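S.K.: Here is how the chains run, residue by residue.
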Amino acid sequence: MATSEQTDKRTGRPDEIEAVPVRHPGRWIAAVIVLVVGASIIKSIVTAKGFQWGVVGHYLFDSRILHGVLATIWLTFLAMAVGILLGVVLAIMRQSPNPIVSGASWLYIWFFRGTPLLVQLLFWFNIASLFPVINLGVPFGPALVSPHANSLVTTFAAVLLGLGLNEGAYMAEIVRAGFLSVPHGQTEAAQSLGMSRLQIMRLVVLPQAMRVIVPPTGNETISMLKNTSLASTITYVELTYSAQLIYSANFKTIPLLVVISIWYLVLTSVLYVGQYFIERRYGRGFTRAERASMRARWLGMGRGGGGGIA
Amino acid sequence: MSELMVKAEAVHKSFGRLEVLRGIDLEVNRGEVMCVLGPSGSGKSTFLRCINHLEKINAGRLSVDGELVGYREAGGKLYELRENEVARKRAEIGMVFQHFNLFPHMTALENVALGPIRVKGVPRSDARNRGQQLLKRVGLGDKLNTYPVALSGGQQQRVAIARALAMEPKLMLFDEPTSALDPELVGDVLDAMRQLARDGMTMIVVTHEMGFAREVADQVVFMDEGVVVESGSPAAVLGSPRHERTRAFLSKVL
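Top line first, the protein sequences correspond to chains A and B.
In terms of our numbering, the first sequence opens at residue 1 and continues consecutively.
In terms of our numbering, the second sequence opens at residue 1001 and continues consecutively.
Any given hint could be a false lead.
[What the hints assert, rightly or not] Chain A side only, calculated, beta carbon under 8 Å to chain B, not exhaustive:
no., residue
1, Gln199
2, Val204
3, Phe286
Quick caveat, the hints were computed from the structure, so don't treat them as lab data.
Just so it is clear, the structure is predicted and the values come from calculations on it, not from any experiment.
Built from N, CA and C at the ideal position, the CB exists for glycine as well.
With the hints as extra help, turn the sequences into a complete structure.
M.R.: Put into structure tokens, the structure is as follows:
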């Protein structure tokens, strides 16, 4: 075994240290406990009769379920698009020097964060009983068109309004936090180059704010994916409601709930991957070295380094 | 074209009840380098920021190249300039900050080319070529595609100088450009500024670098508590200060 006194004859550099690493028996014990508990849970799930895995397999790619999956993806995408757009507008309004404009944004956020999403959805669904006719025209003036609420606010529109407007309130706070995370010196540097307010926002502040905005937005998207299931309460046919339609006829409730759970898990997993790449895109210029890879962390498990997982 | 680049007459500036500038009078001629010295809190940075309207003055008159900063005068009345007019004037004045304020999400070259492309409408390839030249000139020809985070403070500040120069300003403002740097990195930044002064750039430099002021400045101004205590040639102000306050300050920093 080499000791540190031995030196390379040619370079004069001492040999690499080859010390006996500190052992971590605790990490191995913890890992074994976790594995045993995990294995027993998996075994009970796989062998439980109630799950009826055969039925699950039968319905996993049923056309009605697949249709629901597509509807859920589409709804998530649209509702997040509405929410993000609204969030950016509300966040910019919050920063306005005009107290009426910033106050309006505050009021919006206060209302939509302060009432349950389910209640908001039911409200939009029943809007026709409140305003049978919707007047579009000059405020306090004559109406130009007056469509019936039921023709304008379809079930789909009610779901989209409910989910999107609610999301806007949350996104506004996320975007605002992003704006606040960018130091004021950045704005001043851009101003001194003669850039306009819009250019500063678009080219300097927003790209840096994205680093702070993206992770919670990924979180919101994952929440949204699952919140779309609330649309089932107002008979919009997304993933959950398509499963309900099937099991209300054949009473195979549990297997169908398993089917849609699998689909929700698949979809959120896809979102995880997407988020990873978006985060990497907006992390440019903020870290010198790449983050330690998962592989390196696993290898660190048996070693003495501080990067162990246990 | 007037010989006078910057003219300040009785410039006052308050933040709430705190009066930071209490009547500043000074003149900077085209091609001249003025160094502004003074203890922290004396208002020297604030004055610099007033010149490109990052701060609004409360009283007095401040003009750059014969035009009022932030206002237009017509019929004996002052009209506030609109945002895009202020921006257009700022584009003609370069500013270098104490903490560099480089855009961290852009490479050195992107930082330098951003202003010309977006503000002056210079074609992208021209702006990049010019940016490369400027970065070479400040000794960073090998750091074009490096992000600011991987540059030392001195390198970042030289990118910031190149970024300001890319706009081809008629006046450069330096707000303590070397105060946030490690001592060994100060020299490179001062060299870049010295070069700029030799090329005839009009510069106002807020600094604590007495050696630089003595060597490069045409005019040295000593400020304290929001007023100009004394001004004159470097030899006069630094060599034989007339005012007791100046002497006390210089004895501490020299």
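S.K.: Taking the numbered hints from earlier one at a time, note which ones the structure violates and give those numbers from smallest to largest.
M.R.: none
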